[in-house]
Amino acid sequence: ALDFKFLLKPKDHNSPCFVEEGMSRVIIGGALQGGARLASFKLDNDQAVEYKVFVQASRVSSFDLAASWRAYKENFHLSAVRGIPDVSINSELQ
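By the count of our numbering, the sequence shown reaches residue 97 at its end, each step adding exactly one.
Hint data in this document are derived by calculation from the structure and do not stem from the laboratory.
Accuracy of the hints is not assured; some may be wrong.
[To be verified] Here are the simulated DSS-like cross-link-like pairs (lysine-lysine), alpha carbons at most 27 Å apart as the crow flies:
{"id": "1", "residue 1": "Lys-12", "residue 2": "Lys-55"}
{"id": "2", "residue 1": "Lys-8", "residue 2": "Lys-55"}
{"id": "3", "residue 1": "Lys-8", "residue 2": "Lys-76"}
Model the full structure from these sequences, guided by the hints.
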């Protein structure tokens, strides 16, 4: 099972994300439980916005998952800005 909420990130700002309001969504066996619903967010000015979202999940083999994780770990680099640890992922094709 995968338990999650959507994040809303302002496109033109370097500000924090807004976490979806309400109950968490759950995917079990590739199927979204509880049916589809709008994603609701409350912004800094207490304005509420809702977006229609679509969730699609595909089953993958444990071998494919392990290979993806290994590729992710190989391209994972730590850096620091002003002494604060940061994370970046090398997305360049080699």
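Could you work out which of the previously given hints the structure breaks and list their numbers from low to high? Going through the list in order, the structure violates no hint and respects every one.
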